[in-house]
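Asker: Heads up: the sequence lines are chains S and C, in that order. First residue of the first sequence: 3, per our numbering; consecutive thereafter. First residue of the second sequence: 19, per our numbering; consecutive thereafter.
Since the hints were made in silico from the structure, they are not lab data. Just so you know, these numbers come straight off a predicted model, no measurement behind them. Treat the hints with care, since some could be wrong.
Unchecked claim - DMTMM-like cross-link-like pairs, simulated, lysine to aspartate or glutamate; straight-line CA separation at most 20 Å:
hint	chain 1	residue 1	chain 2	residue 2
1	S	K101	C	E45
2	S	K68	S	E79
3	C	K70	S	D37
4	C	K70	S	E16
5	C	K88	C	E114
6	C	K70	C	E37
7	C	K108	S	E105
8	C	K88	S	E105
9	C	K108	S	D119
10	C	K90	S	E105
11	S	K140	S	D37
12	C	K48	S	E16
13	C	K44	S	E104
14	C	K86	C	D65
15	C	K105	S	D37
16	C	K86	S	E104
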Amino acid sequence: MNNSMELKFSALSENEGFARAAVAGFCLHLNPSIDELTDIKTAVSEAVTNCVVHAYPNSCGNIVIKVELFDDTIHIEIRDYGVGIKDLKKARTPFFTTKPLEERSGMGFTVMESFMDSLDIQNAKDCGLIVKMSKTIKQAESNIRQLG
Amino acid sequence: MDIKYRNYNNVLYVMLDGELDEHSAKETSKTLDDVFMSTLSKQIILDLSEMKFMDSTGIGVLIGRYKKMKSKGVSIFISNPSYHAEKIFKLTGLYEIMPKIS
Numbered sequence: 003m004n005n006s007m008e009l010k011f012s013a014l015s016e017n018e019g020f021a022r023a024a025v026a027g028f029c030l031h032l033n034p035s036i037d038e039l040t041d042i043k044t045a046v047s048e049a050v051t052n053c054v055v056h057a058y059p060n061s062c063g064n065i066v067i068k069v070e071l072f073d074d075t076i077h078i079e080i081r082d083y084g085v086g087i088k089d090l091k092k093a094r095t096p097f098f099t100t101k102p103l104e105e106r107s108g109m110g111f112t113v114m115e116s117f118m119d120s121l122d123i124q125n126a127k128d129c130g131l132i133v134k135m136s137k138t139i140k141q142a143e144s145n146i147r148q149l150g
Numbered sequence: 019m020d021i022k023y024r025n026y027n028n029v030l031y032v033m034l035d036g037e038l039d040e041h042s043a044k045e046t047s048k049t050l051d052d053v054f055m056s057t058l059s060k061q062i063i064l065d066l067s068e069m070k071f072m073d074s075t076g077i078g079v080l081i082g083r084y085k086k087m088k089s090k091g092v093s094i095f096i097s098n099p100s101y102h103a104e105k106i107f108k109l110t111g112l113y114e115i116m117p118k119i120s
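Using the sequences plus the hints, can you model the full thing?
Answerer: Given below as structure tokens:
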């Protein structure tokens, strides 16, 4: 089964719940377990939070999420058109944050990395950041049940 | 985020009901600070059985509360985390500063 969707919305914190619920809803096509679905919701929430907090320091831009389902693997791309990240290696270090005075854990990328199967972060050629994640659904729940 | 609390046997029990993310973080931090500061208890137990969602922003909120209460000699414990909250707690080492109790 190959299927895709695209979502564009303002980089506002009130859209976080909507974004993770929309992606999770689309992923239901692959019959993920509750745990797999929560992994995906958490990873999406982390990426969207990064866009909301860091991408647009002086304005409010957009976030675009693309989700593609190839066989039993979910590919998620979350991008913004903001300032990007200068030092990507440093940004991926656990507990690193550019806003130490704001009670931030600095664990966003670490959570994405451990909850998904793959994580790729790149600055876009024009502007902004592109985060790509994937996860293969392991045990698609069968609709066939033996009775008795 | 809906926050309920009660003092019992010199322990402050606080229940978090809702989603803890960037959107709810500020308000949740403020409410928790108000509740925590109003107690004379030296032990606080956070009941997370009704917390529907949490990401790493929630860790920032909890560490921030830990730092504030540590200076007052108050310990905070975690109770009934969901499978997923537990996964984030273990990943970030939160249990080292806020131990889990059953």
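Asker: Determine for every hint whether it applies to the structure shown.
Answerer: Results of checking the hints against the structure:
A distance of roughly 19 Å separates the Cα atoms of S:K101 and C:E45; the hinted pair therefore holds under the 20 Å criterion. Simply put, S:K68 and S:E79 have alpha-carbon atoms about 5 Å apart, close enough for the 20 Å limit, and the pair holds. Taking the CA atoms of C:K70 and S:D37, the gap is about 13 Å. The hint holds against a cut of 20 Å. Between C:K70 and S:E16 the alpha-carbon distance is near 16 Å, which keeps this suggested pair within the 20 Å criterion.
Under the criterion of a C-alpha separation no larger than 20 Å, the hint pairing C:K88 with C:E114 is consistent with the structure, at around 13 Å. Our distance criterion of 20 Å between C-alpha atoms is met by C:K70 and C:E37, whose separation comes to about 5 Å. Restraint check for C:K108 and S:E105: satisfied, since their Cα atoms lie roughly 19 Å apart, inside the 20 Å limit. Our distance criterion of 20 Å between C-alpha atoms is met by C:K88 and S:E105, whose separation comes to about 15 Å.
As the CA atoms of C:K108 and S:D119 are separated by approximately 18 Å, the hinted pair is consistent with the 20 Å bound. With a C-alpha separation of about 18 Å, the suggested pairing of C:K90 with S:E105 holds against the 20 Å cut-off. With a CA separation close to 11 Å, the supplied pair S:K140 and S:D37 stays within the 20 Å bound. Between C:K48 and S:E16 the CA atoms are separated by roughly 18 Å; this keeps the pair inside 20 Å, and the hint holds.
With a C-alpha separation of about 10 Å, the suggested pair C:K44 and S:E104 falls inside the 20 Å cut-off, and the hint holds. Proximity of C:K86 to C:D65 is assessed by CA-CA distance (about 19 Å); at most 20 Å being required, the pair is judged to hold. Between C:K105 and S:D37 the CA atoms are separated by roughly 11 Å; this keeps the pair inside 20 Å, and the hint holds. With a CA separation close to 14 Å, the supplied pair C:K86 and S:E104 stays within the 20 Å bound.
Checked against the numbered hints above, the structure violates none of them.
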